[in-house]
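For the record, the sequence lines run as chains A and B.
Counting from 1, one number per residue, gives the positions in the first sequence under the numbering used here.
Counting from 1, one number per residue, gives the positions in the second sequence under the numbering used here.
For the record, the hints were derived by calculation from the structure and aren't laboratory data.
Idealized CB from N, CA, C, for every residue including glycine.
Do not take every clue at face value.
[Claimed, not checked] From the structure, some residues in chain A lie toward chain B, with a derived Cβ separation under 8 Å:
hint, residue
1, L13
2, E32
3, V53
[To be verified] Anything over 12 Å on all C-beta distances counts as not near chain B; from chain A, calculated:
hint, residue
4, M1
5, E5
6, K12
7, V64
[To be verified] Heads up, simulated BS3-like pairs for lysine-lysine below, C-alpha to C-alpha not over 27 Å straight-line:
hint, chain 1, residue 1, chain 2, residue 2
8, B, K186, B, K588
9, A, K17, A, K85
10, B, K764, B, K781
11, A, K60, B, K186
12, A, K17, B, K470
13, A, K85, A, K3
14, A, K90, A, K72
15, B, K764, B, K779
16, A, K90, B, K668
17, B, K588, A, K85
18, B, K789, A, K85
19, B, K637, B, K668
20, B, K470, B, K558
21, B, K746, B, K764
22, B, K853, B, K781
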Amino acid sequence: MTKIEAIIQVSKLESVKNSLHEIGIEGMTVLEARGHGRQKGHTEFYRGREYTVDLIPKIKLELVVADTMVEKVVQAISTAARTGKIGDGKIFLSHVDEIIRIRNDERGEDAL
Amino acid sequence: MTTAGSLSSELRDLYAVESARIRDEFATSGNGRAAISQRNILVERIGLHLWRDIFSEEQGPQKFALIALGGFGRGWLFPHSDIDLLFLHADHETEDAFKDRVRSFSQGLWDLRLKVSPATRVLRECDRFDPANVEFVISLLDCRYLAGDRDLFARLHDKFIPNLMIAETQPLVQRLADVTRKRHEKFGNTIFHLEPDVKDTPGGLRDCNVSLWLSLLSSMEKLHDWPDPKSLLSTSARKQFEPAVDFLMSVRCFLHLRYGRDDNMLSWEAQEEAARRGIGVYDGRELPAADWMRIYFGHARSVHRTATQLLEEIPAAWSSLSRHFHNLRARVSDADFSVVDGLVFLRQSSALQDPEVLLRLFHFVAHHDVRLSTTTEYKIEQVLPSLAATPPRGAELWLYLGEILTQPYAAHALRAMHSLRLLTVLLPELKAIDSLVVRDFYHRFTVDEHSFLAIESLHRLRQSHSEWEKQYAEILEELEQPELLYLSLLLHDTGKGAPSENHVEGSLAIAGECLERLDLESSERETVLFLIGNHLEMSAALRRDIFDSVTVAAFADKVGTPERLKMLCLFTYADIKAVNPEALTPWKAENVWQLYIATANQLNRSADQRLHSGADLDDEKVSRLHVLAPGAGKKVKAFLEGLPQRYLRTYAANEVLHHLEMSESPGKHPIQLDLKRGRHWFELTLVTNDRPFLFGKVAGTLAAWGMNIVKATAFSNQAGTVVDTFYFTDRFRTLELNLSEWERFKRGVSDVLTGEADLERMLKSRMQAEERKNTPKVKIKTSIEFDEKCSSNSTLVQVVTQDRPGLLYTIASCFSHHECNIEIALIDTEGQMAIDVFYLTAHRKKLAGDHLKEVETALGEALRSGHSQGPPSTLKPVSR
Numbered sequence: 001m002t003k004i005e006a007i008i009q010v011s012k013l014e015s016v017k018n019s020l021h022e023i024g025i026e027g028m029t030v031l032e033a034r035g036h037g038r039q040k041g042h043t044e045f046y047r048g049r050e051y052t053v054d055l056i057p058k059i060k061l062e063l064v065v066a067d068t069m070v071e072k073v074v075q076a077i078s079t080a081a082r083t084g085k086i087g088d089g090k091i092f093l094s095h096v097d098e099i100i101r102i103r104n105d106e107r108g109e110d111a112l
Numbered sequence: 001m002t003t004a005g006s007l008s009s010e011l012r013d014l015y016a017v018e019s020a021r022i023r024d025e026f027a028t029s030g031n032g033r034a035a036i037s038q039r040n041i042l043v044e045r046i047g048l049h050l051w052r053d054i055f056s057e058e059q060g061p062q063k064f065a066l067i068a069l070g071g072f073g074r075g076w077l078f079p080h081s082d083i084d085l086l087f088l089h090a091d092h093e094t095e096d097a098f099k100d101r102v103r104s105f106s107q108g109l110w111d112l113r114l115k116v117s118p119a120t121r122v123l124r125e126c127d128r129f130d131p132a133n134v135e136f137v138i139s140l141l142d143c144r145y146l147a148g149d150r151d152l153f154a155r156l157h158d159k160f161i162p163n164l165m166i167a168e169t170q171p172l173v174q175r176l177a178d179v180t181r182k183r184h185e186k187f188g189n190t191i192f193h194l195e196p197d198v199k200d201t202p203g204g205l206r207d208c209n210v211s212l213w214l215s216l217l218s219s220m221e222k223l224h225d226w227p228d229p230k231s232l233l234s235t236s237a238r239k240q241f242e243p244a245v246d247f248l249m250s251v252r253c254f255l256h257l258r259y260g261r262d263d264n265m266l267s268w269e270a271q272e273e274a275a276r277r278g279i280g281v282y283d284g285r286e287l288p289a290a291d292w293m294r295i296y297f298g299h300a301r302s303v304h305r306t307a308t309q310l311l312e313e314i315p316a317a318w319s320s321l322s323r324h325f326h327n328l329r330a331r332v333s334d335a336d337f338s339v340v341d342g343l344v345f346l347r348q349s350s351a352l353q354d355p356e357v358l359l360r361l362f363h364f365v366a367h368h369d370v371r372l373s374t375t376t377e378y379k380i381e382q383v384l385p386s387l388a389a390t391p392p393r394g395a396e397l398w399l400y401l402g403e404i405l406t407q408p409y410a411a412h413a414l415r416a417m418h419s420l421r422l423l424t425v426l427l428p429e430l431k432a433i434d435s436l437v438v439r440d441f442y443h444r445f446t447v448d449e450h451s452f453l454a455i456e457s458l459h460r461l462r463q464s465h466s467e468w469e470k471q472y473a474e475i476l477e478e479l480e481q482p483e484l485l486y487l488s489l490l491l492h493d494t495g496k497g498a499p500s501e502n503h504v505e506g507s508l509a510i511a512g513e514c515l516e517r518l519d520l521e522s523s524e525r526e527t528v529l530f531l532i533g534n535h536l537e538m539s540a541a542l543r544r545d546i547f548d549s550v551t552v553a554a555f556a557d558k559v560g561t562p563e564r565l566k567m568l569c570l571f572t573y574a575d576i577k578a579v580n581p582e583a584l585t586p587w588k589a590e591n592v593w594q595l596y597i598a599t600a601n602q603l604n605r606s607a608d609q610r611l612h613s614g615a616d617l618d619d620e621k622v623s624r625l626h627v628l629a630p631g632a633g634k635k636v637k638a639f640l641e642g643l644p645q646r647y648l649r650t651y652a653a654n655e656v657l658h659h660l661e662m663s664e665s666p667g668k669h670p671i672q673l674d675l676k677r678g679r680h681w682f683e684l685t686l687v688t689n690d691r692p693f694l695f696g697k698v699a700g701t702l703a704a705w706g707m708n709i710v711k712a713t714a715f716s717n718q719a720g721t722v723v724d725t726f727y728f729t730d731r732f733r734t735l736e737l738n739l740s741e742w743e744r745f746k747r748g749v750s751d752v753l754t755g756e757a758d759l760e761r762m763l764k765s766r767m768q769a770e771e772r773k774n775t776p777k778v779k780i781k782t783s784i785e786f787d788e789k790c791s792s793n794s795t796l797v798q799v800v801t802q803d804r805p806g807l808l809y810t811i812a813s814c815f816s817h818h819e820c821n822i823e824i825a826l827i828d829t830e831g832q833m834a835i836d837v838f839y840l841t842a843h844r845k846k847l848a849g850d851h852l853k854e855v856e857t858a859l860g861e862a863l864r865s866g867h868s869q870g871p872p873s874t875l876k877p878v879s880r
C-alpha cells in the first residue's frame, strides 16, 4: 500500500476530487496548508503598509491506496492539478506497512 | 442470609424483567417521568433486598445509614445513569466495623451491572464545605433515606445539611454559578446546537437541576430550613419549566434506551426517530424532525431562561464584587428604565403600551449589556398580543432596529427579543428560521442563532487583541452604514426556511419584502440585497487563486465599490466565524484578508475605466435609470459618456438623475451645489464645468470653514462636466446649529470658485488657529506611490499621510501648480490616516518622466512643510 501526499493549488481541489472520484477513490484527507517551492511569495501594499505573503496558501491531500492503484491516482491528480505554471505543486509517495480500521480492527487493504 | 449466588441470580432476573417492562411501557407511552420513577423504585427495591441480606434488617444497624444522593436521591434515575449512594456513619468505629459489608453491598450492585458511585462519610464530615468537591455538597441537597439508622439520617437531613448550606450559601452559589457559566461557555452560551446534548447543553437537564438548587439554597438561607419543594420557583416560571422538564426527561430516557448507554447526544438520526415516535410530544404524534426540534428548542429556551435569570439574580444579591459591578451598571438607569443588580426594570409598568418605549428598552439592553428582569419580561409578554395586531413598521421601526443593530450588545438584545417572540412579531420573515435545524456537517447552530452569532462576532471585533482581527475591526469602524451590514446578516439565511432550492435566492425574495416593509431608501435596499445575494461570493473566490490578477479583477468587478468590498469582507468573516468555533481557521482568515486588500487595490487602480455608449451602458444601473426617467434616454447617455464606471457604482440611480438635472440647469448659476446632512457627516455635491484648481479650491474652502473632509470623490465626463462630492464633518457645528449658515456656506464655496472671494485670506486665519492646537495623537509615516501602469490614460498617485486640516487643499493645489488635471479623486480617511488616490493627466496624457519627478518632489516637499502654494494668479483652461 502507498501513501500519496499531494500539494496542490487551492483552486484545483474540486477538479482533483472529481478526478479521484471518477477512478473510484472516495476517501481522502484534505488539509489547509501554506508553503512555497520555487514559486516565491507575493507582496501587496495596502494603505501604506506592506503585506508580504512568503507562504502561499495550498491544499494538501493525503490518501492511501493499494499499490495497483498508485499510477492511476498519480495520473488523475497531476492531470487535474496541472496548469503548467510554477506553483502547481508536488506529489509524494511513500510505502505504508499496515492499515487498521479502528471501528472493527480490519487490517491491510480491507481497511482502505 | 440467602446464598450469594441464588440472590444474585434472583435479583438479576428481577432487574432484567422489570427493566424490560419499563422499556416496553416507555415505548408505548413515551412518558419519561414515569419511566425514571419506575426505575428508581426498581433500583431501590434491589438495593433493599441486598441490604436486608447483608445487614439482616432494613432499619438497622444503628449508627449507619444508606442514603440516595444526586439523581437517585431526586428520583430522576435514567436508564443508564450512575447510582449515587452515601454510606453514612455516626463515627469511625462503625466505618471500620462495616467496611467489609459495605464492600459486599457495592459488589452485589456492580455484579448486577448497576453503575454505582458510592461515597462514605462520617456524619461530622458532612458539615464542612470542601471547595475542591463542591459536587458532593450539592448532591446532599437531593439526599433521600434508603435504609439503616433513620435517626442518623434525620440528624444529617434536619440539622447538618441546613447548617452547612446556610453557613456556606454564598461560596456554594458562587461556585455553582461559576461551574454553570463555564459549562455554558463550552457550548458557546447558546441552546441552539444542531446536535445538542440534552443533559449538558444550555437549556438541558443540568440547567433544570441548577435552577432547582439555586432556588433551594436561596430559600434555605431565608427560612433556615428545608423549603416546600413546590415553592421553589414562581408560579409563572413553573408553568413553562415543568413541561420542559417532562419533555427533557422523555428525551433523555429515549436516548439512553436507544444507545444502551449514558449518551445524551441528540444526533440527527436520534432526532429523526424521536420525531417519528413523537417523543415528549403531548399526543405522541409523528412530526417532521425540524418541527420536533423546534419543540425541543422551545423547552430548552424556557429552562435556559429560568437558569440564567436565577444565575443573574441570586449570586448578585450576595457577591460584593458582583454587587459593585452591578452598581456600576445601575448608573446607566434613565427616565424610562432602572437597572438593579444588572436587571432592567420599567419605571412605569404601563409604559410598554407605547411600542417606541418597547423598542427603546431593547436599544437600552443592546447598549448597556443588561438583562431583562422577570417582571419586565412578564410585562412584555402581556403587551405582545396587542403589538402583534398592529406591529410598528416602516421607517419608524427601521430607525430603532438600525440603532439596536449597531449597539455593542446587539446580539444579546436580539436573542432576548427572539426568546420573547417579539423579534418575529417585528420581523415575521424570521419565523421560518426560528430554531431551524439545517443538516450539514459544517454548521453547529440553528439558522437563527447562526445569524445572531454572526452579528455578535462583528461587534466582538472591537475588543479583539489579535493582530489580524484588528485589521477587520479597522474596516468595521470605517463603514458608513454598518446597520445595513448587520441587517443583511440578520436576513441572509432566511431562505433556508423557504421551499426554494437555492437559499440565496430564497433569502433575496424574503429580504426584499422585509426591506419594503421597513421602508429603506432605494440605495440602502440595493446594498442589503447586494450583500445577501453575494454573501457566498468571497468564499467562492477563495477557492480560486487569490494572487491571480484575473481572479481579483473578476471579484472586484462583482463588488464594484470599496464600501461594498469592506462590507462583503466583514460579512464573509462573520458568516464563517458563526458556523462553528473552529470554522474560521487562521488560514481562511488570512486568505480573506489577502483577497480583500488585493481587491481594494484593484478597485483603486481600475477606477478610470470609462463608460462608453454601447457595451458598458447595458449596465443594470443604466436600465434602472431608463425606468426612472423613461424620456431622458439620450440625455442620460450623453451625461454618462466618458464617466468612469466607478461613478455608476458610487451613486444610486436617483442620485445620477439628480446630477444630470443639476448639469443641465439652463439659465441658472454655472456652479450647482447640493448640500445634505447624512447620518455621519455632511455631503456637498458640486456639478459644474471643469476648470483649473476646482477640486483644490473646494477642498480649501471647506478647510477654511473648519470642516474635516473624511471622503471625497471627483469624476468628470467627456463633455467636461464634473461631479465632485465631499463628505465632511462639521467640527465647530456651524452648519448643525445654524440652518441659515447653509446658504452662506454654499455661497462661500461658489464665490471662491468664481474668484469673488479670496481663498488664501480665508485659509490663513484658519490655519494659524489650527497650528496652535493640532498635535497628532498617532504619527503616520507619509508614503507617496506613483503608478504609471494601472491606467492607460492617467498616472495614479496614492498618498498615505497624517490627516490634518487643509491637507487635501495642499495636495490638490500642488497638482494644479504643476499643471496636472485631477481626472478622478478617491479620498478616504481612517482615524488619523489620510488615504488619497488621484488619477492625474497633463495635457490629456499620463505624466511624462521629468514632469512626474518634478510633481513627486514638489508633493513630498508640500507634505513635509504642510504649506500650500495657493491658486496661481493666472489660470490656463483645462485641456481635454
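Against the structure, the hints come out as follows:
1. At about 7 Å, the closest approach between the beta carbon of L13 (chain A) and any beta carbon in chain B falls short of 8 Å, and the interface hint on this residue holds.
2. Because the closest C-beta pair between E32 (chain A) and chain B is about 4 Å apart, less than 8 Å, the hint holds.
3. Below 8 Å, beta-carbon pairs count as interface contacts, and V53 (chain A) has one with chain B at about 6 Å; its hint therefore holds.
4. The non-interface label for M1 (chain A) is consistent with chain B: the shortest C-beta to C-beta separation is roughly 27 Å, beyond 12 Å.
5. Residue placement check: E5 (chain A) keeps its beta carbon more than 12 Å from all beta carbons of chain B (closest about 18 Å).
6. With a closest Cβ-Cβ approach of about 9 Å to chain B, K12 (chain A) is found to fall inside the 12 Å limit, against its non-interface label.
7. Distance check for V64 (chain A) against chain B: the nearest CB is about 22 Å away, which clears 12 Å, and the non-interface claim stands.
8. Of the supplied pair hints, the one linking K186 (chain B) and K588 (chain B) holds, its CA atoms being roughly 23 Å apart against a limit of 27 Å.
9. For the given pair, K17 (chain A) sits about 20 Å from K85 (chain A) by alpha-carbon distance, which is consistent with the 27 Å threshold.
10. With a C-alpha separation of about 26 Å, the suggested pair K764 (chain B) and K781 (chain B) falls inside the 27 Å cut-off, and the hint holds.
11. The hinted pair formed by K60 (chain A) and K186 (chain B) fails the criterion: a straight-line CA distance of about 31 Å is larger than 27 Å.
12. Pair hint K17 (chain A) plus K470 (chain B) does not hold up; C-alpha atoms about 36 Å apart against a cutoff of 27 Å.
13. Our distance criterion of 27 Å between C-alpha atoms is met by K85 (chain A) and K3 (chain A), whose separation comes to about 26 Å.
14. Our distance criterion of 27 Å between C-alpha atoms is met by K90 (chain A) and K72 (chain A), whose separation comes to about 16 Å.
15. Our distance criterion of 27 Å between C-alpha atoms is met by K764 (chain B) and K779 (chain B), whose separation comes to about 25 Å.
16. Distance hint between K90 (chain A) and K668 (chain B) is unfulfilled; the C-alpha atoms sit about 70 Å from each other, more than 27 Å.
17. With a CA separation close to 24 Å, the supplied pair K588 (chain B) and K85 (chain A) stays within the 27 Å bound.
18. At roughly 24 Å between alpha-carbon atoms, K789 (chain B) and K85 (chain A) fall within 27 Å of each other, so this suggested pair holds.
19. The straight-line distance between the Cα atoms of K637 (chain B) and K668 (chain B) is roughly 22 Å, inside the 27 Å bound, and the hint therefore holds.
20. For the hint pairing K470 (chain B) with K558 (chain B), the CA-to-CA distance comes to about 26 Å; that is within 27 Å, so the pair holds.
21. Straight-line distance between C-alpha atoms of K746 (chain B) and K764 (chain B) comes to about 20 Å, which keeps the hinted pair within the 27 Å bound.
22. Using a Cα cut-off of 27 Å, the hinted pair K853 (chain B) and K781 (chain B) holds, with the two alpha carbons roughly 20 Å apart.
Consistency note: the structure conflicts with the earlier hints numbered 6, 11, 12, 16.
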